[in-house]
Structures are given as structure tokens and as C-alpha cells.
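Student: Here's the letter readout for the chains.
4 protein chains.
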Amino acid sequence: MSKGRLTMNESGLDTSTILKWLVNDGYTVVACNIDVGQEEDWEDVEKKALAVGAERMIIRNKQKEFVEEIVFRSIQCNAIYEDRYLLGTSLARPIIARELVNVAKEFNCDYLSHGCTALAPGIKIIAPWRIPEFIAKFQGRADLLEYAKVNNIPVSSTPKAPWSMDANLVHCSYEAGILEDPNREPPKNLWTMTVDPVDAPDKPYHFSIDFQKGIPVKVTTEDGKEATDSVELFKLLNKIGHDNGVGRVDIVENRFIGLKSRGCYDSPGITLARLAHVDLEGLTLDSKVRELRDTFVTTAWTRQLYNGMYFSPEREFAENSVIFAQEGVNGTVKMMAYKGNAYTVGRSSETSNLYSEEDASMDSLDTFSPLDTTGFIAIQAIRLRKYGEAKIAQGKTL
Amino acid sequence: MSKGRLTMNESGLDTSTILKWLVNDGYTVVACNIDVGQEEDWEDVEKKALAVGAERMIIRNKQKEFVEEIVFRSIQCNAIYEDRYLLGTSLARPIIARELVNVAKEFNCDYLSHGCTALAPGIKIIAPWRIPEFIAKFQGRADLLEYAKVNNIPVSSTPKAPWSMDANLVHCSYEAGILEDPNREPPKNLWTMTVDPVDAPDKPYHFSIDFQKGIPVKVTTEDGKEATDSVELFKLLNKIGHDNGVGRVDIVENRFIGLKSRGCYDSPGITLARLAHVDLEGLTLDSKVRELRDTFVTTAWTRQLYNGMYFSPEREFAENSVIFAQEGVNGTVKMMAYKGNAYTVGRSSETSNLYSEEDASMDSLDTFSPLDTTGFIAIQAIRLRKYGEAKIAQGKTL
Amino acid sequence: MSKGRLTMNESGLDTSTILKWLVNDGYTVVACNIDVGQEEDWEDVEKKALAVGAERMIIRNKQKEFVEEIVFRSIQCNAIYEDRYLLGTSLARPIIARELVNVAKEFNCDYLSHGCTALAPGIKIIAPWRIPEFIAKFQGRADLLEYAKVNNIPVSSTPKAPWSMDANLVHCSYEAGILEDPNREPPKNLWTMTVDPVDAPDKPYHFSIDFQKGIPVKVTTEDGKEATDSVELFKLLNKIGHDNGVGRVDIVENRFIGLKSRGCYDSPGITLARLAHVDLEGLTLDSKVRELRDTFVTTAWTRQLYNGMYFSPEREFAENSVIFAQEGVNGTVKMMAYKGNAYTVGRSSETSNLYSEEDASMDSLDTFSPLDTTGFIAIQAIRLRKYGEAKIAQGKTL
Amino acid sequence: MSKGRLTMNESGLDTSTILKWLVNDGYTVVACNIDVGQEEDWEDVEKKALAVGAERMIIRNKQKEFVEEIVFRSIQCNAIYEDRYLLGTSLARPIIARELVNVAKEFNCDYLSHGCTALAPGIKIIAPWRIPEFIAKFQGRADLLEYAKVNNIPVSSTPKAPWSMDANLVHCSYEAGILEDPNREPPKNLWTMTVDPVDAPDKPYHFSIDFQKGIPVKVTTEDGKEATDSVELFKLLNKIGHDNGVGRVDIVENRFIGLKSRGCYDSPGITLARLAHVDLEGLTLDSKVRELRDTFVTTAWTRQLYNGMYFSPEREFAENSVIFAQEGVNGTVKMMAYKGNAYTVGRSSETSNLYSEEDASMDSLDTFSPLDTTGFIAIQAIRLRKYGEAKIAQGKTL
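Protein chains in written order, with UniProt numbering: chain A, 1 to 398; chain B, 1 to 398; chain C, 1 to 398; chain D, 1 to 398.
Hints may contain errors.
Identical chains blur together in the list; that is why a pair holds if it fits in one copy or across any two.
[Said to hold, decoys possible] List of simulated lysine to any residue pairs, SDA-like, C-alpha gap at most 20 Å:
1. Lys-105 / Tyr-343
2. Lys-203 / Gly-224
3. Lys-62 / Lys-235
4. Lys-213 / Asn-320
5. Lys-203 / Asp-243
6. Lys-213 / Glu-316
7. Lys-188 / Pro-204
8. Lys-334 / Glu-180
9. Lys-239 / Ile-153
10. Lys-239 / Glu-222
11. Lys-203 / Gly-140
12. Lys-218 / Asn-353
13. Lys-391 / Phe-324
14. Lys-105 / Lys-218
15. Lys-105 / Lys-396
16. Lys-218 / Val-231
17. Lys-334 / Thr-192
18. Lys-160 / Lys-203
These are computed hints drawn from the structure, not numbers from a lab.
All chains, please: the whole structure from these sequences, using the hints.
Tutor: Below, the structure is given as C-alpha cells:
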């Protein structure tokens, strides 16, 4: 008799092993895989899952939700972790978790085998790592491999790279294995989503991105391509970035739990979109709103996503601010990609331009007079003068 | 009879005009120019100042102070304004202001003609823009030019670029004129401190930077160059950046007073140094210290410099934190520059490596067990589960 | 012939003098006074303005807008400046500025004499302090008094207190005069909106405040009073605070321009409302939302109001967050006022209680196990252990 | 044979039970209790520990370290958690943890039974809650009581209060039991460190606190008491607070792990010291330094202590800033305590007064002119005017 119906994410050797173990332990397993843009032979994935013992294999394409609900939010707030990482894996996680719960409900599952615990009242979370027998059996990676062998779990025939990878529409990450030495340059054949800048075309490639409320709504290229659908335009940005070698990141980062970890990331499209968005905000976002948003909201939203806190009140709180600030971020950014880098070469906004050539030139005395500036500086100086006098009185230098 | 002795910064047509006006108004003027790395024919500068009527022309080389006291601080805290601008002009200003005061004291001046007011108890600040007669005479740029002509103030024979420039060791800025249209790409001949990436060498150029307490102490290149003197190593970084087209910035930024302004900046060396420093902190700086420093201290120090608040208690307060955090930022970053971009290709630290391959691989169960991670997640989840239940009870979706 | 029609705020000797000067200078003046809860003999105010030469005197009761649009916002975000000051004067200013503009429009005025400049496109702002003749005439307070005397401007017959006062529904401020010595205790007869705690009743007074979305919607007292109208309930809180001596503040504060200033403030009702609101958030607001709101939003909104930046995009940005966070701040706070202080003695929320006696007691092992806590701590400790080891290796102590 | 030597904190029924269990399990236990100001019959404590089986009982008076290294730091940065809680328990924890490690080293212990794990390289931490047999035995509080009974562990003869308490020099906390209902007022007999305000003297009590670098160095009272020793002056403040009923706090707070919990706290002396310190900073701390310190440093240090992160690089980082900012916080604050509240009635500083009666009165035109203020406002207004025009152009109201 079945111990019950259980949904789980099936996506490789580790999860296949867990699947097998759960089947052997008496669960009826609804295997599931969420398509967030990773390259997979979906037929093969299904075949394997059924071979290992899943009752069925559900595959769901959630690329559109991924791009529109999460990736575009990250662009709207210029999310970036520790100055470099654009969050690719963290962005996909909430989409996957939510869809797993949906599948569990649709197929009347009582259990969900996953790390997330916040989403599914009424569905029991099973974390095999928490089950004593499982812990006893699998002390390390070798035990997983052994179990796979004994149980005829199909192992990929492609020789495995000496690092681990995780890909979706936004990025591909490369970690562990030979990359664990932070002083070792990643091998040339590591990168899958960008060509080596050295091998990129010798001519700059021009394109432009249109934004509405901080969201990319159109990409146009010098060779006549145009995309307006969210997923299509993001894929076009990925292609531009790929061809011109834009978006490689290689860092030592701080994990949520405090440990340091070396990661390499290919993130072509989001790098271009973020760069253009930052630039357009220069033209269209008020200085003080930007300062507050940068200091508090961008940092908060970024950490919430990085730390797996998407389904939280604080993420909703931060995101409400992200969206509010983008009301006037409308316009077009002209860009150029060339051999590993991208440049903004012009920006304009018909409806929300807060820049004025006239004000900027300061030639016109109508707006404010030099006396105003003098007064402004004089007022600022009162406090500083006072402070300087105090220091000098104490025999200190400035 | 002289109205008194006065020190002023003499550095071009505008200031020459003011100098003349002050001389005509009865002041004895000690002209002065601080060498913070700008390219000048210093003999010619002196000749002109004397011709216009200065009593003498003092030229002071303050490059070393500039690099060590200010530029290296900005690198230590990864200072960046509005995600892009590396503060070149703002970094030089305090050095210039302080040295002007020193000169005023040395030459027994009663007056100082400058924007700063906080530095010089006992010396009266004269801002010509505050003097009614001056304001009446000079309503705009045309009046300055007319006055220069009438008074035989020597105007540079080089045809003037259709934009204004300000250069020092760290950067050259380009503003105003044809650049006031933010949708117009800067002309190819604008940039003076970097070659066009398209014209840069076709081969990556490798070099490395050594840091001690977050300060660059050595630069070594693939072709055997090595620099350890502060100014020399910074110039070497400038050269690497120059040759490989690294460090061009083109933005619409928000001025202190809230106006938007378009600026282009060439900042080769500081771009490389900052990139390397950010990378080394990944290896050597604690995650929580970094988070606090990034959110509060870097943003504060950056704004203080941008807003001209160097001689202030708040800058001292922020800088104290900047320095404290850098105690362990020691090590070497290997880099590569190529056609407009620079990449980190390795980093190491003998004394302050907080990264551990062993911990990172998580293969060893000594440090912590999967049960720990499970518990960590379970604890985090209590609050989120509670929140999710409340939302569902209210009929909302997650 | 009139120089034009002009609106100005008429509220005392200083403004009467300006009014007279403007009338003498040829303006037709629509005098105006906004009732934000200050005690005035409005008939007398009108009579005086007409006597000085105003075309008419407009009096507008804006207490309701004041309470609902501004005061309740400050309560929703627990606004407080420099740990002590509850912003009374700053809260009223935007209401006054906006209504002046409305009056100017209604009475077809071309000019507005006021400090604000951001509100009224099409209406020219006149700041007499900017007009050279005015500056020449009035160098100090003595000149104002002299001008008033010469021009028969009626001066209040009440002997003037040796400090200045500014009152509205929220508070009365006392500044300048004998208060300029920060080491001098304010005299007993200074305070107008609170009794001396020593003279307050010898028995605690119990009452409760109901909140919806962080806004006070009902006040109920031990002696059967009840108020639900916004202005009425705020006045009832003022009375409770008054009678029990709650809400006196005496500080040295930092003005926007950086100068220090000593201010005393009577703020009975808002002190009680803020205290109750802070308490209710303990029960109903998520911990992480509260942390973000406290650190960023409360501080930002408070400074924006204090600095006169109400009509700004950054205030709108902050306020959007304030409101969003209050969705679940519903419930009742039971309080007690007694001789200068107020205490919360109970709080409850039917709809948005995030507190659970069961979870809090931690007796039930269903929610999480001691092992979870152990794991949580163990994970936290990895980073700290590593850091401790590094310090000890360097020969330092912890 | 002994399983090894082990140090543990012995301070009540729970720890006595653990002690017994560890002894029974074969450990040689060095029991230990750190005197941080709690009221205990130390002889009785020792007798009990030996009776339960400890090899010895070590008692260490660490009040001075507690006050000088931790409590005074909290005063220097005005630490406060969630607007109300003054951190009493959290402040004592680091002192206890550090001394336990010292004792473990002195008595050659191999093990330490405690929650902390970061402090003691070379000493193994034993958390009984992590040992499966212990978990199996003690599922809840009832099991502890049963084990105590069976093993003749002496239970206090005083009838236990229906809540739990934790006392030290700074505060006494009251939690759990009947307090778990947040709508129930704490009983009158709960509070141990303050008299009921209703029962406090009918006359205000005057005293003053002298600070050097933000640290209290002298307390002087109206009845001639004076204390300068750190512990003595803190005890005197406790007495003043006690007698006048100052420092009661009753809140629902958010625990580190996110759960809400109701806590009542008696914190007389630290309430007075913090209030005086906040006030003195008004006179002596620069406005911008204060703003940065309040927003970032105070909040960070407070959370680090609350979350048990004292022995961390981030606490050292924050504390470095705390201390730096206090250089000029020198002076005297005159205060008055009366029936549950305390008031500042004057403040002065001979050496670091940044307040100037002259500047504050703004009567002198030497410092700055009205024109300066006008200019200051005009400059601020450019951005706001631009924003207002844009809104009106969009058909919105201000």
C-alpha cells in the first residue's frame, strides 16, 4: 500500500536517487520539472523519471511568469548582490517552488519533497535529509552514486564537467570542482551562454531597449530584429550578450549562512537590460527617490531573493516600493555591445524626462541666480565652519 | 594702496578674468595652481598669470597627497556615485582647497577667493559672485569673454572643444556644449585618457595588483613592469586602462542641488583598482561587515565627497569605518584588460583568507551537518508559514 | 494702480508688518489664515488685517485635513525626530502652504508671499526678504517693531511672553528668548497644553485606542467618553494628555541647516497615539517589515517633513511604503495615563494578530524542535568560529 | 572513568537537571555562575551544585566588566530594540559566555556545555539538546521536573511565580506563564526593580549625570549622594529609578527567529542614563554624524547584541563607530525623576558645546544673511518645482 502521494522536483542524478528511495520507501511519486529556460531534452527527462518509478512526469513551461514576475522586477530595482552577481538561480527558485505546490494540489498529493516550507498549508513537506534512515544511508556523494548504480538509475552519458552547473533563462552558474580554487582561472570551455570576448565580432553591435515603468517592452537591433514579447525580447538580449561576450562574472561571494563560495556566472541578457535601466533612471528618476531606493529598497529586495525569502511579507513590502518608483521610468536607451562590454550611447524619454538642457547649462538666470548658489553654500558652511573652529581650538589640523 | 593680499586658484580663462577684475579692484593677488595630475604647461601658466597682474604664481605638486589621502580611500570603500561615476573631480577638490589655504597663510594673505568656507579661520573668503558690482558686470559667459578681450587676457590658441573639460590624475570629465543632448553619442575624439576600445590591442593584457589593508601597494604587468610608489603605480594603472580602453563612463547624473546633468568621464586607473579591490573583498572581508559597509559607509562617504563635504565631521566619521573594515583586505588580484573591459582571473591572500575550499565544498560533515541546515531553514520558515496561513485565511494567493 | 493681487498668510506682528509694507508698496493683499487648531480670536484677526490694509481676510478651517492627511500619517510611521520631537510645526506647514495656493487661485492673485515655491505654477512667489528695499529697511527685529509703531499696526495688548510660541492641534512649541540658555529649566507657566505632572490627578486614568490600518479610529475612556471622528478623537487624546501632564519635550535639536536650537514642545495627544501605535505594531506587524520600515521609511518620512520637503517625490515614495505596511495594524490598545507618563496595559487584535501564545510558549514540539534551534545556531556559528580562529591565530583576544 | 572535564553555567532548576544528567553520564563537572548583578544567595548556590554532583562551584563577579565593556557601550549608542526594549539580558550574555570559557581553560576542561560556539577553539561544545538520549528523555518541562524529583535535585522552597524571570544589574525580565496573554496587565507584585509609580514619592527628585566621551562618570543627587565608580554610579541610578518607578517596559517583541513574544522589563538605571545621554548629544554631537550613527550604527549594534552576535566582526565594526562618534560627548545633564517618568531640565558642556545662543537667535547678521537662507531654499526648490510641473502636466494634483 502506498504511504501516500508525493510531488517532487526531478532534475538530475541526485533527485533521481531520492525519487528511487522514496518509491522504494512506499510513496507514489508525481515527478515534476519546471521549465524556466534551461536546455533539456524534455522527452528524455520524462522517460528517465518513469523508468526510475515515478507515477508520471509533469513538465511545466513557466518562462513567461519567470520573466515577467521576477526577472523584470530585478531589472526594475537594478538588483545586484555584492556588486557583481545578478541572482540568476535565486530568481528562478520562487517560480519553481510555487509551481510544485500547484502540481501537488492538482494531483492530490499529500506530500511535497522540497526545501520550501512556507507555501503549502495542508501539504506535508518531506525533506529526505531529515529522515534518519535516509541520513544513515547517504553520508556523502559516493553513497548517492553507489545507490544509483545498484538501482539502475540512468546516469547521463555525457562525460560530466569538473564543476556543477545550474541554468535557466537568466544565467548559467558554474561552481564547485576545479573552481573551488579561487585563484584558478575558469577554463575557456566552461562558459555556455557567452562566447569568449576574444572570439566576439570585431565590430560593435548596436541595439536599443524601450522601457515602460522600468520594464523592457521592446528590443530593436541594428540588423532589423525587433522583439516585444517578454520572453522573446529577453531571449534576444541573451543572444546579443552571447554573441558579444557580455555578462561573465567570476567572484567569491558570501552565502546566506556566512560561508564564502566561488561562483562563475554567465548572464548575458540581464546584464544588458540592467545596464540600460540604470542609465534610463539617470534621465527619468528623481534624485532623492533614487537615493532612497538604491540605499534601502534595492539592497533589501536583492537580499530577500538571494536568501530565499521571496514568499515573505518583507519582499512584498520592498517590491511595493520598487514598483512605485518606476512610474516615470519610460524611454529608450541606445546601446552598443562589443567584445565583452556594453555601452550606453544615448537615452531619451518623451514623457518623463526630468533632465533639461536649459537648466543643465545654467546659462539662463531665470531659474536661479548665482546668489542662490552662494546662499546655499553659505548655509551649508555654517556648521562646517563651526566644526573647523572647534578642531583648531583643540590644536588639531583639518 | 592695495585692498589687501589675496590668494586664488588660477587655472583658465574664467579665473584669469576674475584675477584681472580683482587686480583692477585693488587686490594684490597671489595666484596659485595645484598640480593634481592634470596636463599643463606650467611655465606658460605662470607667464600668463603674471601677465594678467598676479604678484606671483605658485605651483604645488600635490599628486602624492591626492593619491594617498583621497584616491586610495575611495578605492578602500569602492566609492561610486549613482552606480557609475567614480568621483574624479570631487576627489581632487579637497586637496586643492587645503593647499590654497596653506598658500594663503604662507604668503600672508588676508583673503581667499574660493568656494570653500570651512577651512580658514582668520582668512576672509571672497566669492566674486557675491559682490554686487561683479554680478552686475558679468551676467553670463559672453561678458567674461568680452572682459578678457578688452583687458588683453591671453586666450588659449588651441581651438576650444565644444564641451568643457576637467582633468586630474584620476579622470578627465567632459560636460556641457554638445554633450547637453543626452541622446547624442560623444564624438570619437572627445576621450583623452583612453583609446577607443575598437582601437585597443587585439590581445588581452595581464597584470596583477597587490593590496595591503585595502590599499594598492604593487602593480605588476605581463611585460615586466612593476610599480610600488603610490603615484607611479596609479599612473601605471592609468596607462593599462588607457591602452585597453577601460574606464569610459557616459551618464545623466543628479547634481547635489537636484538638477540633472550629463557627464562623460574617462577614468582608466581607478576603474581597474576599484574592480580588483571589490574582488579581493570577496575573499577577505566578512559578509556582515561588508553588508554594513556597503549599505551605509560606502554610500555616505561617496555622497560626502560628491557634495563637497570633505572637511566635515561626518566624513571623518565615515572614513574611520572605511579604514577599520580594511584591516584584513590583503592579497593579490590577477587581472586582464581587453578592449574596453577588465576581468578578474584569480585572487589570493596569504594572511587573511576567509575562504576555505573545504567548507565551500561542504563535503566534510565535520563543520556542520545537513540537519543543521534543515534546522536553519525550519526556523526561518516559522514566521513565513505563519504569514502564508494568514494570507490564505484572508482569501489571498501567495 | 495696484502692482497686482497677492495672497499672504497673516498671523501676527511680523506678518502684519509685511502686509503693511506690501500694501504701501502697491499690492492688493488677500490676507489669509489657516485654522489648524491654534487658539485664535478669529474675529479679532480679521479686524486687524483689514485695519492694516488687507482687501479681505480669509479664514479656513483645515483641521480635518491636517489630522487625516498628515497627523495620522506621522502616527502610522511612528515619526519622531532625533529620538524626541514629534514634528508638530512641520506637520501643519504643508496644509497651510497648500491652502494658501488654493486661496490665491480662488481670488485671482498673481502673487503669493510665502517661503514655499514648489506648489504654484503660474503664481509668482514674493519673498520680501529677497527684495533689496525690504532688506535695507528691516535689518533686525527692532526695525519691525519701529515700522509697526509708525504705521499704527495693532500690537497685541497681552504682555508678550519672553519666548516665541507656535501652536496647532498637535502641539505648542516654545523657543527663543530665555529658552536660548539650554541649561535653564523652562518656567512652570510656559506650558499651555499640559498641566504640570506634579499637579495632575493622583489616580491613573484608563482609556483605549482602536486602530484600523494603523489609524486611530476610536478613543474610549474610563469615564464613558467615546470619540470616533478624526478631529474629535484627537482632541480627546489631547485632553487626556493635557490633564495628566503627558507629552512635554525639552531638547536641543539640529535644524535643517545644521544649526543647533533649543526647543520645548507640548504634544499631549500625539504622544499617546504614537505610544499606542508602536505597541500595537508589536502584535500585528511582521518583524522584518518593521525592521525595514523603522530603519528606512520612518527616518526618511520624518526628515522630509522636518526639512519642509512635503511636496516632493521622495515624500510620496516614503509615504507609499508607510501605508503599505499598515494593512494589518488593526486592534485595540488599552492604556493608562498618570502624572506625566502613559503606559500600555494590554493590546489585542481580532483580525491581524501575528502573536501566538502556543508558539511563544515553545511547549509544543509540533512547530519546531530543539534540534531546529540547534541547527540554526550551528549555522550562524560557522562564520563566527572561523573569524574567532583567525583572530586567535593573529594573537588577538576576543 | 570520567568522560572528561566539563564546564557549565549552573543557575537554577533547568541547569541543575542538566548538571545531574551530565554527571550521571560520566562527566566531571566544573559548575560555574557569573555574577552580573543578579541577587543570589551565593553560598546556597554553591551548596546545591555540590549536592547535585559538581566537582566544584566557581562564582565570578563580573559586574565591573559588564558595566564598563557592555552597558556603557549601549548607553553610548542609545541602544534600543524595537523602540522600547533596552536589551538587559542580551547585554549580560557575552560577559557570561566569555567567563565560562575562561573557567573552562583554567580548570582544564575539555568540554563546555553552552549555546555559544564561537569562542573556544580547542574546547568542545556540548549541547545536551543535541544528544539523542537527552532529547529522548526530556520531551518537555514536565520531564525535567520529574527527573529533578527522582534525583533529589533541590527545588527552591519559595513558591514559584507564574512567570519566568532573569535578572542582572541592568534589568529584570518577566516572561511566559500568565504573561503570555498580551492583553493581560502584569500583576502589581511582578515588578522587582521599580516601585509602582503610584507609590513613588510625591515630590520630584533631582540629580545630574556627568558624561565623558558618552560614558557616565559621575552621578550627583539632590540629597548629597555622589558616585564616580562605574558600578557604584550605575547602582545609584538603579536606586533613583527604582524609588521613582522609572523604567518599566511591557511589550510584544520580535525574537531573532521571527516569533513574537511578550516581555516585561524593569530597567531603572539604564533608562535614566540613556535619556540623559540622548539629551547631551543634542548639545554636543554634530547633526550629520548623529543622523548616520542613529540610522546605521545604533540599529546595527542593537541587533547584534539582541541576536547574540557579540563575538562577531560586525559588532567590532559597529562598536568602532560608536566610540569614534563619542569623542565630544562631554558635559552634564540635570534631571528630575517623578512618579514613573524622568525629565531633562538642563544640559551644559564646557568643552564640546556645538550650540551657540548667538547663532540660534539668528539676530546677528554676521553669520549668515537672510539672502543666504533664501538662496538655500531657492536651490532646494528647483527640483521640487520641476516635479510639481510634471505632475500638473499629467493632470494630477499635488
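Student: Determine for every hint whether it applies to the structure shown.
Tutor: Structure-based check of all given hints:
no., hint, verdict
1, Lys-105 / Tyr-343, "neither (47 Å within a copy, 47 Å between copies)"
2, Lys-203 / Gly-224, "within (17 Å within a copy, 31 Å between copies)"
3, Lys-62 / Lys-235, "within (14 Å within a copy, 51 Å between copies)"
4, Lys-213 / Asn-320, "both (13 Å within a copy, 17 Å between copies)"
5, Lys-203 / Asp-243, "both (11 Å within a copy, 18 Å between copies)"
6, Lys-213 / Glu-316, "both (18 Å within a copy, 17 Å between copies)"
7, Lys-188 / Pro-204, "between (22 Å within a copy, 14 Å between copies)"
8, Lys-334 / Glu-180, "between (39 Å within a copy, 16 Å between copies)"
9, Lys-239 / Ile-153, "neither (35 Å within a copy, 57 Å between copies)"
10, Lys-239 / Glu-222, "within (14 Å within a copy, 33 Å between copies)"
11, Lys-203 / Gly-140, "neither (49 Å within a copy, 44 Å between copies)"
12, Lys-218 / Asn-353, "within (19 Å within a copy, 45 Å between copies)"
13, Lys-391 / Phe-324, "between (44 Å within a copy, 15 Å between copies)"
14, Lys-105 / Lys-218, "neither (36 Å within a copy, 43 Å between copies)"
15, Lys-105 / Lys-396, "between (71 Å within a copy, 17 Å between copies)"
16, Lys-218 / Val-231, "within (11 Å within a copy, 47 Å between copies)"
17, Lys-334 / Thr-192, "neither (27 Å within a copy, 23 Å between copies)"
18, Lys-160 / Lys-203, "neither (35 Å within a copy, 31 Å between copies)"
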